[in-house]
Amino acid sequence: MTGSPAGRLKDSVSLETESAALKPATMTLAVDDMHCGACLRTVERAAMRVAGVETARASLAAKRVTVTYDPAEVSEADVIGALDRVGFEAAPIESAKQDRGDQRQRYLLRRVAVAGFAAMNIMLISIAVWSGESGDMEPALAQMFRWLSALIALPTVVYAGEPFFASALSALKGRRLNMDVPISLAIILATAMSVYQTTRASEQVYFDAAVMLLFFLLVGRYLDEALRVRARGEAQNLLSLQTGIATVIAEDGTQSKVPANALRPGDRILVAVGERVGADGVVVGGVGEIDQSLITGETMPVAVEDGTVVYAGTLNLTRSLEIEVTASDNATLLAEISRLMMAAEQGKARYRVLADRAAQIYSPAVHGLGLATFAGWLAFGATWQTALTYAIAVLIITCPCALALAVPVVQIAAASRLFKRGVMVKVPDGLERIAEVDTVVFDKTGTLTLGQPRLLDADTVPSETLAAAAALASGSRHPFSQALVAAAKERLGSVQAAKDVQETPGEGLLLVTPDGEERLGSAAWCGVESAGGDTAEVWYRHGEAPPLRFRFADILRPDAAETVAALEKRGLAVALLSGDRDAVVARTAEDVGIGEFAGQLKPAGKIAWLEDRASEGRKVLMVGDGLNDAPALAAAHASISPATAADLSQRAADFIFQGRPLDPVVETIETGSRARRMAFQNFGVALVYNAICVPLAMLGFVTPLIAAVVMSSSSILVTLNATRLARR
Amino acid sequence: MTSLAWLVPSALFLGGMGLAAFLWSLRTGQFDDLDGAAYRALEDEPPLDPNPSRDKKARSSRAK
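As you go down the protein sequences, you meet chains A and B in turn. Numbered per the working numbering, the first sequence spans residues 1 to 728. Numbered per the working numbering, the second sequence spans residues 1001 to 1064.
Hint data in this document are derived by calculation from the structure and do not stem from the laboratory. Please note that a few of the clues may not be correct.
As the list claims (entries may be wrong) - Residues from chain A that keep clear of chain B, each with C-beta distances beyond 10 angstroms, as calculated: (1) A58; (2) A72; (3) R106; (4) S170; (5) T199; (6) A375; (7) S673.
Said to hold, decoys possible - In silico negatives: residues of chain B with every beta carbon more than 10 angstroms from chain A: (8) S1003; (9) S1010; (10) F1022.
To be verified - Estimated spans, in silico, between C-beta atoms of each pair: (11) W384/A with A1011/B: 52 to 58 angstroms; (12) V709/A with L1042/B: 39 to 45 angstroms; (13) L1042/B with V86/A: 17 to 23 angstroms; (14) E138/A with A1011/B: 16 to 22 angstroms.
All residues carry an ideal CB built from backbone N, CA and C; glycine is no exception.
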């Protein structure tokens, strides 16, 4: 193999820079929790202090820091370590993924700037011409102004119109019509006709309208792209941060830190207590317990020993483990999940965004009206120039200027409203889809609950027993031990930790005292018969005294019941689907007030349930976090995951929310439906303008002045309407 | 009327300067981090010297 992981990292770095061996390399790291100017400075300075780092520039908007460094002196892991010491979690972002969206965004912004400049100057000239039309401007001067407009407009149309022309061309090649076809047609025809009219010294010159059309349309495109780039960037940050850093043990026993996504099959990694396993693998050293709730939805920890297969994302609870990384596609569970996800994505009817659906109706209508105007005027004996001028006026008036802005401005406003409330919009058209849902399906563990156990009936346990059990448990990282300690601290104030406690992973804790053994653990560990029931249990036994049972249940999110009630009040059906045991699921459903539930569902079972509803015409919102939910998240009409969810689930989800409360789900649905309402209002505004202006244009009453005024005022109205969403 | 002969070109030239300035600022990355720029304006300390060979001493003394 290639030797130590650190060496491999340097290999890959030197590959990137092989053309100039001395040139510094660049890395981009996602930085968590960077919110203010002070954070920005701390991060930059911490990175700069690492020897070998040349520059560090943090971006607060992107929550990233870009570092140029000398690959011979320093590696990614060094910088990540330095940031960790000042309290910022950082993770590398694959450089291949990061720039494409940015470039497209700048490409559009440059064109917005050029079109804006041209529109401003042409408008300035046009106003002079229009106000001179009543008679006191010399025709020669007006003519010179028109030529000047042409001089500005022609290069602008070629340069700034490129995105539309390219898109229209590729649509036509595929024998489709999209919104860009009438846009390109209108701009090209209007410009060409205006040049022709200018040579004839006619007043029907539309340079201002054509360029302004371009400007407004580009603004719409730019906003749309900006939202996509931002959503994608945030999602990438989250995923990078989640994979995190793994500790690799080299053959000679030395340890080094490596980004988890750089791990390869055959690597041995050390997973400390409290860390997540960085990659799928097999345990090769150590015995312990892991929390698989993210993978299976099961809250009970699972005992692992040599040879046990563990999955990326599981949490190591009791002992540090040595794990040999295996190729993830060999892992049967993940392979099964990926297969289901792919099938679900293929099976899902591709959602067509509102704007495309509008274009489908709109494009033929626009072309038809333009053609009818041209034919009509010819039939009534007008010259072809007059007929074409009126047809162009129709194209310009109907051109979906407000329409092209209608959806992007609303989505930008909706997304920034949600960002402020801790919800990330990962897929922009998710906002449209979530507005259509009529059923909300929750997963249990980690979604309705926090995935942390809590001691039940703590009041009925005698204080001294609780204190003794908590003393035994205080050194253990097992979730039940910690729940016990938390309950004891709440009741008794503090917990005295016991010394010399032996822990046997998967079984329990043992303390040998002069007056007999103290045991805390499974029923078998304490030598008693399990009492059964639907809750997890831990037994405590001191010497020959009668053993005592502690029962645990998962904590619900603080506002789970309110959220379910709020959703039902909105007229949505709510259901609970879980992989956990039926009795536990029934109990949770009762606690939060969900009537419809199903337990012991495998990933395929959840998909079958969703497909069943889809065939009834229901549109389902899936809220889930586990790996076992990922296929269902992909299959549902819309999906939300908490930020603590498994990697694959976050990839599949449309939205990701942060924090403990569940109310972001309601907020997202509400914002989605308000955004949809507003998009329709905006379509309405565009339609009203068209209904008034199209007949006028067809009859030949629309002058260049009217076209310009109508276009800008409708666009401004649409934008103002959307800003209402960001407020409040 | 002859004044237009120089007024119009100079108006266009001034506008063009604005456009050029914007494109320049875009290319030099001044629009990359609009949130951070607001805070950078309030920074009292001088920015770290991007040239590490000259700055190493100063940096290690700050690190203490």
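Hint by hint, here is what the structure shows:
| no. | hint | verdict |
| --- | --- | --- |
| 1 | A58 | violated, 7 angstroms |
| 2 | A72 | holds, 14 angstroms |
| 3 | R106 | violated, 6 angstroms |
| 4 | S170 | holds, 27 angstroms |
| 5 | T199 | holds, 21 angstroms |
| 6 | A375 | holds, 40 angstroms |
| 7 | S673 | holds, 29 angstroms |
| 8 | S1003 | holds, 12 angstroms |
| 9 | S1010 | holds, 12 angstroms |
| 10 | F1022 | violated, 5 angstroms |
| 11 | W384/A with A1011/B: 52 to 58 angstroms | violated, 37 angstroms |
| 12 | V709/A with L1042/B: 39 to 45 angstroms | holds, 43 angstroms |
| 13 | L1042/B with V86/A: 17 to 23 angstroms | holds, 20 angstroms |
| 14 | E138/A with A1011/B: 16 to 22 angstroms | holds, 19 angstroms |
In this structure, the hints that do not hold are numbers 1, 3, 10 and 11, in rising order.
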